[in-house]
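Starting from the known structure of chain A, fit chain B with the ligands onto it as the hints suggest.
Chain by chain, the residues run as shown.
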Amino acid sequence: MNKIASTIIELTVRNHPGAMSHITGLFSRRGFNLEGILCASIGNGENSRMYLLVENNSRLEQIVKQLQKLYDVLKLRIRHDYDHTLFNRLHELIKGEGL
Amino acid sequence: MYYSGAQILIKLLEKFGIRKIPGIPGGANLPIYSALADSSIEHILARHEQGAGFIAQGMARSTGKPAVCFATSGPGATNLLTAIADAKLDSVPIIAITGQVPTTYLGTDAFQEIDTYGLTLPITKHNFLIRSPAELLEVIPEAFRIARDGRPGPVAIDIPKDVQFEKIKVSKWPSPKRTKIKKIDQKTIRKIAQEINKAKKPLLYIGGGIISSGAHLALRKFSGKNSIPVTSTLMGLGAFLPQGSLYLGMLGMHGARYTNLLLKETDLLLAFGVRFDDRATGNIKEFCSQAKIIHIDIDYAEIDKLKKTNISIAGDIKQALEQILPYLRRDARRQWLAHIEKFKKEYPFFMPAKKYFFQPLNFIQAINRHLAPQDIITTDVGQHQMWVAQAYTFSYPRTFLTSGGLGTMGFGFPAAIGAALANPGRRAVCISGDGSFLMNIQELATLADLNLDVAVIIMNNKNLGLVRQQQELFYGKKYIGTFFKSNPDFTKIAESFGIRGYDLGKAKQPAKMLDEALRKKGPCVINAPIHYAENVMPMVAPGAANSEMIGGQEYE
Ligand SMILES: Cc1ncc(C[n+]2csc(CCOP(=O)(O)OP(=O)(O)O)c2C)c(N)n1
Ligand SMILES: [Mg+2]
Numbered sequence: 004m005n006k007i008a009s010t011i012i013e014l015t016v017r018n019h020p021g022a023m024s025h026i027t028g029l030f031s032r033r034g035f036n037l038e039g040i041l042c043a044s045i046g047n048g049e050n051s052r053m054y055l056l057v058e059n060n061s062r063l064e065q066i067v068k069q070l071q072k073l074y075d076v077l078k079l080r081i082r083h084d085y086d087h088t089l090f091n092r093l094h095e096l097i098k099g100e101g102l
Numbered sequence: 368m369y370y371s372g373a374q375i376l377i378k379l380l381e382k383f384g385i386r387k388i389p390g391i392p393g394g395a396n397l398p399i400y401s402a403l404a405d406s407s408i409e410h411i412l413a414r415h416e417q418g419a420g421f422i423a424q425g426m427a428r429s430t431g432k433p434a435v436c437f438a439t440s441g442p443g444a445t446n447l448l449t450a451i452a453d454a455k456l457d458s459v460p461i462i463a464i465t466g467q468v469p470t471t472y473l474g475t476d477a478f479q480e481i482d483t484y485g486l487t488l489p490i491t492k493h494n495f496l497i498r499s500p501a502e503l504l505e506v507i508p509e510a511f512r513i514a515r516d517g518r519p520g521p522v523a524i525d526i527p528k529d530v531q532f533e534k535i536k537v538s539k540w541p542s543p544k545r546t547k548i549k550k551i552d553q554k555t556i557r558k559i560a561q562e563i564n565k566a567k568k569p570l571l572y573i574g575g576g577i578i579s580s581g582a583h584l585a586l587r588k589f590s591g592k593n594s595i596p597v598t599s600t601l602m603g604l605g606a607f608l609p610q611g612s613l614y615l616g617m618l619g620m621h622g623a624r625y626t627n628l629l630l631k632e633t634d635l636l637l638a639f640g641v642r643f644d645d646r647a648t649g650n651i652k653e654f655c656s657q658a659k660i661i662h663i664d665i666d667y668a669e670i671d672k673l674k675k676t677n678i679s680i681a682g683d684i685k686q687a688l689e690q691i692l693p694y695l696r697r698d699a700r701r702q703w704l705a706h707i708e709k710f711k712k713e714y715p716f717f718m719p720a721k722k723y724f725f726q727p728l729n730f731i732q733a734i735n736r737h738l739a740p741q742d743i744i745t746t747d748v749g750q751h752q753m754w755v756a757q758a759y760t761f762s763y764p765r766t767f768l769t770s771g772g773l774g775t776m777g778f779g780f781p782a783a784i785g786a787a788l789a790n791p792g793r794r795a796v797c798i799s800g801d802g803s804f805l806m807n808i809q810e811l812a813t814l815a816d817l818n819l820d821v822a823v824i825i826m827n828n829k830n831l832g833l834v835r836q837q838q839e840l841f842y843g844k845k846y847i848g849t850f851f852k853s854n855p856d857f858t859k860i861a862e863s864f865g866i867r868g869y870d871l872g873k874a875k876q877p878a879k880m881l882d883e884a885l886r887k888k889g890p891c892v893i894n895a896p897i898h899y900a901e902n903v904m905p906m907v908a909p910g911a912a913n914s915e916m917i918g919g920q921e922y923e
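Chains A and B supply the protein sequences, listed in that same order.
If you use our numbering, the first sequence corresponds to residues 4 to 102, in order.
If you use our numbering, the second sequence corresponds to residues 368 to 923, in order.
In short, the hints are calculated from the structure, not lab data.
It cannot be assumed that every hint is accurate.
Distance windows between CB atoms, simulated [to be verified]:
no.: 1; chain 1: B; residue 1: I651; chain 2: A; residue 2: L37; range: 43 to 51 Å
no.: 2; chain 1: A; residue 1: R92; chain 2: B; residue 2: N677; range: 41 to 49 Å
no.: 3; chain 1: B; residue 1: F532; chain 2: A; residue 2: C42; range: 33 to 41 Å
no.: 4; chain 1: A; residue 1: Q71; chain 2: B; residue 2: P740; range: 36 to 44 Å
no.: 5; chain 1: B; residue 1: K845; chain 2: A; residue 2: R52; range: 51 to 59 Å
no.: 6; chain 1: A; residue 1: K72; chain 2: B; residue 2: S401; range: 35 to 43 Å
no.: 7; chain 1: A; residue 1: D86; chain 2: B; residue 2: R386; range: 30 to 38 Å
no.: 8; chain 1: B; residue 1: I651; chain 2: A; residue 2: D86; range: 31 to 39 Å
no.: 9; chain 1: B; residue 1: E632; chain 2: A; residue 2: L37; range: 37 to 45 Å
no.: 10; chain 1: B; residue 1: I678; chain 2: A; residue 2: L77; range: 26 to 34 Å
no.: 11; chain 1: A; residue 1: R92; chain 2: B; residue 2: G910; range: 40 to 48 Å
no.: 12; chain 1: A; residue 1: R92; chain 2: B; residue 2: K558; range: 27 to 35 Å
no.: 13; chain 1: B; residue 1: K845; chain 2: A; residue 2: N91; range: 49 to 57 Å
no.: 14; chain 1: B; residue 1: Y846; chain 2: A; residue 2: L37; range: 38 to 46 Å
Using N, Cα and C, we set each Cβ at its ideal position, and we do this for glycine too.
So here's chain A without its partners, still in its complex pose (with noise of 0.2 Å):
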């Protein structure tokens, strides 16, 4: 995984069902690249922390600026000072599984 081309994009959000639909149907919808998620419930479980790796080239503005208007993000941030380990142990674990 390439430091410099990869961004993390950390996410608070409200946690229900469709949240992840929103967020997911808003890469899909704008072909945006997604190339991880990490989602945890947090607190008391009423919100969810997400991680999603994205690729830093011109078009993040407009997915950070997208993703700030889905009611259901409550935060947003871009963690320039996280490396990538966590998303490098995630793909070999499912380079592992194989097919």
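Chain B with the ligands alone, transformed into the frame defined by chain A:
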């Protein structure tokens, strides 16, 4: 007191000012209809859910207030989709409320179960699937706020039948919610004024945002003080006064030659309440290539989406205009306006000889003369729509309702019914095509029920004219699927619904018949023969630069 989910819904809709709801009942929304029967809200029985959706749109577009429509689950919901998507692309505040199979059946492929939540997700501003009646107390006020505030848009609410039935105790009813409007940074305001004062050839490019925010009067003052010419998108028509030398009409694919050519001249583009749609900008790379760009729009995701700006504000355009105004210099801009006059003479918009009554532009102007400026015009989609945009003069916002973003045939007629419903005392006229009108013709029954002042004028060219035009110009005149071998007798169709029908083609004096038809109160359908070979000119080929126009050099 105890209320069922359905009763809570209806009570909240009453509370939020909803007086009329178009829709069609079915198994999954019967409890809602039962509660509706006990309420003061009037139900408008449409004949197709798409009709109901567009009636709601006509109400919302003509007033700016959210309107509600109802449908049952499954096919009722899928029939609504086109109207919801249309509202999304033109930022129209409608709230679509659908019945759903009971919660325990969800996900079992039950009778008339469809994933309405999933289907409406990409075509709404936001959507909800309700899980308990208590949620309605949260969601309904929230739906009104979302639909209306910021950039308006459609909201879909799916309510399972058991939630409609379930009773809960309600001790306190929620009040309407509003979003706080963000303050605009004063430094940016002053910077924009400076740029305008400094510019030699500023140009206002305005759109639907001006109408949404009620900024038309502020715009007129703004443009007048500094003598800034105005060009409008399709969605902005009616925001600026069409008389006067500062008005340049519509830009883009079917704009006048001088308008599109002036875009290359401007040194400062004021893009206010617009989203740089390709029908307006042509090839975006070449759009206003000489100009600095100032963009103001309520939706921050529109800023820098397609065109990099020099200065921008993501905020309310009315506030922005009012705040910039005091810093604007009074300026007559003699040179720039003289240049514009020269362009208007050199590259004019050609009007045909007056003697051809059924020449499309003449015909639109004839309709224009028979109506009052406050009358509401709706159109369908096609050549007739573009002819209206080119030749009708709109002097008030919300008097021109048209499907811009989605370009949906079938929009016009139900939208006219909605406009008439929401504006008692005003006439609504749908200018349609022979193709489009057939797409929601069943609403003639709804119109007959209501006996509203709605006229439909069909510009009948026996073709899907706008597509035929493209086949002629860009596909080597290879015509396929655009000629109608059979068309009904539209006067007889109208009469069979109990509505007056007129055929101007059969009249010795068509102008007189048109006058007679429009003078009488109540609904009517008017058929007008239009020569099939008439084209909308000038035209910018899809993907080409606005300066590369075809036709419209003179009237052939
Ligand atoms: C629902 C829908 N289907 C197809 C189209 C593609 N289309 C755009 S204009 C047009 C022709 C419309 O014909 P008509 O209503 O007769 O208007 P005219 O162009 O002849 O004035 C068509 C088929 C569309 N815009 N909407
Ligand atoms: Mg036609």
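Evaluation of the provided hints:
1. One distance hint, 43 to 51 Å for the beta-carbon pair I651(B) and L37(A), is violated here, with the actual separation near 26 Å.
2. For the pair R92(A) and N677(B), the supplied restraint of 41 to 49 Å holds, since their beta-carbon distance comes to about 44 Å.
3. The hinted range of 33 to 41 Å is satisfied by F532(B) and C42(A), whose Cβ atoms lie roughly 34 Å apart.
4. In this structure, Q71(A) and P740(B) meet the distance hint of 36 to 44 Å, their C-beta atoms being roughly 41 Å apart.
5. Checking the proposed 51 to 59 Å range against K845(B) and R52(A) shows it holds: the Cβ atoms sit about 56 Å from each other.
6. One distance hint, 35 to 43 Å for the beta-carbon pair K72(A) and S401(B), holds here, with the actual separation near 37 Å.
7. As the Cβ distance of D86(A) to R386(B) is approximately 58 Å, the hint placing it in 30 to 38 Å is violated.
8. The given range of 31 to 39 Å is respected by I651(B) and D86(A), whose C-beta atoms sit roughly 37 Å from each other.
9. As the Cβ distance of E632(B) to L37(A) is approximately 43 Å, the hint placing it in 37 to 45 Å holds.
10. A hinted range of 26 to 34 Å holds for the C-beta pair I678(B) and L77(A), which are about 30 Å apart.
11. A hinted range of 40 to 48 Å for the beta carbons of R92(A) and G910(B) is consistent with their spacing of about 46 Å.
12. Evaluation of the 27 to 35 Å hint for R92(A) and K558(B) yields a failure: the beta carbon distance comes to about 48 Å.
13. The supplied range of 49 to 57 Å is met by K845(B) and N91(A), whose beta-carbon atoms lie about 55 Å from each other.
14. Taken as a hint, the range 38 to 46 Å holds for the pair Y846(B) and L37(A), whose Cβ atoms sit roughly 44 Å apart.
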